[in-house]
Amino acid sequence: MTDGFQAALETFVRRRLGEVDGLRVECGARVTGGQSRENWPFDLYWQDEGRSHHRPLFLRRDPAGSVLETDRRVEYEVLRRLGDQPVRSPEAVWLDADGSELGRPALVMARYEGRNDHFILEGGTSGLDEDARVGIASQMVDLMAEVHALDWKAAGLQEALAAPGDAAAAAIDQWAAVIERQSLDPQPVLAYVERWLRRHKPSAGEIVVVHGDIKPGNVLFEGQQVQILLDWETAHLGDPIEDVGWVTNPIRRREHQIPGRWEEEELVSAYEARTGRTVDRDALRFWQVLANYKLAAIALTGVRSFCDGRTRRVWMGAGLLGRVLLAQIGEQER
Amino acid sequence: MRPTLTEQIEGARRVLVELLAPEVSDAHAREQAAYAAAALQHAAARWPHVLADLVADIRALEEVLGLDPAELAEAVGGVPDFASAEDYHRGLRSQLADEIKAGPEPSAAVRAYLADSVERLK
Numbered sequence: 000m001t002d003g004f005q006a007a008l009e010t011f012v013r014r015r016l017g018e019v020d021g022l023r024v025e026c027g028a029r030v031t032g033g034q035s036r037e038n039w040p041f042d043l044y045w046q047d048e049g050r051s052h053h054r055p056l057f058l059r060r061d062p063a064g065s066v067l068e069t070d071r072r073v074e075y076e077v078l079r080r081l082g083d084q085p086v087r088s089p090e091a092v093w094l095d096a097d098g099s100e101l102g103r104p105a106l107v108m109a110r111y112e113g114r115n116d117h118f119i120l121e122g123g124t125s126g127l128d129e130d131a132r133v134g135i136a137s138q139m140v141d142l143m144a145e146v147h148a149l150d151w152k153a154a155g156l157q158e159a160l161a162a163p164g165d166a167a168a169a170a171i172d173q174w175a176a177v178i179e180r181q182s183l184d185p186q187p188v189l190a191y192v193e194r195w196l197r198r199h200k201p202s203a204g205e206i207v208v209v210h211g212d213i214k215p216g217n218v219l220f221e222g223q224q225v226q227i228l229l230d231w232e233t234a235h236l237g238d239p240i241e242d243v244g245w246v247t248n249p250i251r252r253r254e255h256q257i258p259g260r261w262e263e264e265e266l267v268s269a270y271e272a273r274t275g276r277t278v279d280r281d282a283l284r285f286w287q288v289l290a291n292y293k294l295a296a297i298a299l300t301g302v303r304s305f306c307d308g309r310t311r312r313v314w315m316g317a318g319l320l321g322r323v324l325l326a327q328i329g330e331q332e333r
Numbered sequence: 000m001r002p003t004l005t006e007q008i009e010g011a012r013r014v015l016v017e018l019l020a021p022e023v024s025d026a027h028a029r030e031q032a033a034y035a036a037a038a039l040q041h042a043a044a045r046w047p048h049v050l051a052d053l054v055a056d057i058r059a060l061e062e063v064l065g066l067d068p069a070e071l072a073e074a075v076g077g078v079p080d081f082a083s084a085e086d087y088h089r090g091l092r093s094q095l096a097d098e099i100k101a102g103p104e105p106s107a108a109v110r111a112y113l114a115d116s117v118e119r120l121k
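Chains A and B supply the protein sequences, listed in that same order. The numbering of the first sequence is numbering that gives the first Met the number 0, which starts it at 0 and goes up by one. The numbering of the second sequence is numbering that gives the first Met the number 0, which starts it at 0 and goes up by one.
Heads up, a few of these hints could be off.
Said to hold, decoys possible - In silico EDC-like links for lysine to aspartate or glutamate, alpha-carbon gap of 16 Å or less:
1) Lys214/A / Glu263/A
2) Lys214/A / Glu254/A
3) Lys100/B / Asp172/A
4) Lys121/B / Asp184/A
5) Lys121/B / Glu85/B
6) Lys214/A / Asp141/A
7) Lys214/A / Glu121/A
8) Lys100/B / Glu179/A
9) Lys214/A / Asp116/A
Source of the hints: derived by calculation from the structure; they are not laboratory data. The structure displayed is predicted, hence computed values, not measured ones.
Based on the provided sequences and hints, a complete structural model is requested.
Have a look at this one:
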């Protein structure tokens, strides 16, 4: 964190805490792994009415160039409304919606104990045995069911998120628009995939809160327990099978499956048992294709950010995803 | 000519991976250095094939769009200038994308081109 950023953060905090004694802001190193936001842990210390306080916090700030265009104000409003709901989401604390205080839009949330282990289901850094990993995989389904069980109307989420009439059509429109806006090259493969998606779109049905990026990499673990679900920037109202398609995406087996023990069928059966829903397998295939179409849009956004000089990472584009998508569609056609 | 472009890129990657990265203590900077090294490795492996793959893709596109192959020679003035070939290729891909979006169901030839193109244009 540069001195200027640290000073801006101190001013930002002072404006919100008011007149307190001995305020100290201690910033940690930027957390690695997140590709869409800058993530900075920091700690506040202060005295107030003779008592010492310590608050561990986490700053999520838009980078100069990202792979994903989302709004910190929406993420903040969603988290704020989830605060008193039965879901393990982080507490939203403060917001700089337009970046006028912290340089770029940012939200501050509570920081929680626990470790992040992106590939915990294949062993990761935790080195858990297979039975323990199956237990964690099962908890991941519990977490997804917890999100989908939210009463979003009672929580007032419709004030922050649009409720689509046709969730599948809305998802295709959203990501097709991102591809159109971000791509630096013509994309005939993705045009063909879009055509396929529109033809195979499931009919409109139940609308729930969709997290949009459920994965072990967005969870904190304490021992063998799932503690909290992070990164709600792609949360929206939509079809529950969208999340199921995301976690059963064939190219992300390493993150979500355990060969021979916890594969697509076990995961979907567990979801059906937890929620009482029946997962239509054609709809599931649609959402799995949509998952990679969305990833292609994200990759193309990364390419533009790099070519515009707004990020340092060289993004390789959607070539591999194009191959995967054509294979997925071919499987569907057979 | 030695060092070849592959050898030059590989040399730059070795400096990054073997000399600079171990000296970096910041985790984010180390992560970015790893991405940069991977990009150099990809570039070293891909560049010798890029022009041949581009020309092959242009030929395939001309066929699937029913165009005269002589258009490439006209577009690039008879010289396989890479930037001109890329521009011409982009125009053909754009034409195909428009046809897929707005036209009738893509033919078997178009679908075969798409499948082949994702192997060529990595």
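Each hint, compared with the structure:
no. : hint                : verdict
1   : Lys214/A / Glu263/A : holds (14 Å)
2   : Lys214/A / Glu254/A : holds (7 Å)
3   : Lys100/B / Asp172/A : holds (14 Å)
4   : Lys121/B / Asp184/A : holds (13 Å)
5   : Lys121/B / Glu85/B  : holds (15 Å)
6   : Lys214/A / Asp141/A : holds (12 Å)
7   : Lys214/A / Glu121/A : holds (13 Å)
8   : Lys100/B / Glu179/A : holds (12 Å)
9   : Lys214/A / Asp116/A : holds (10 Å)
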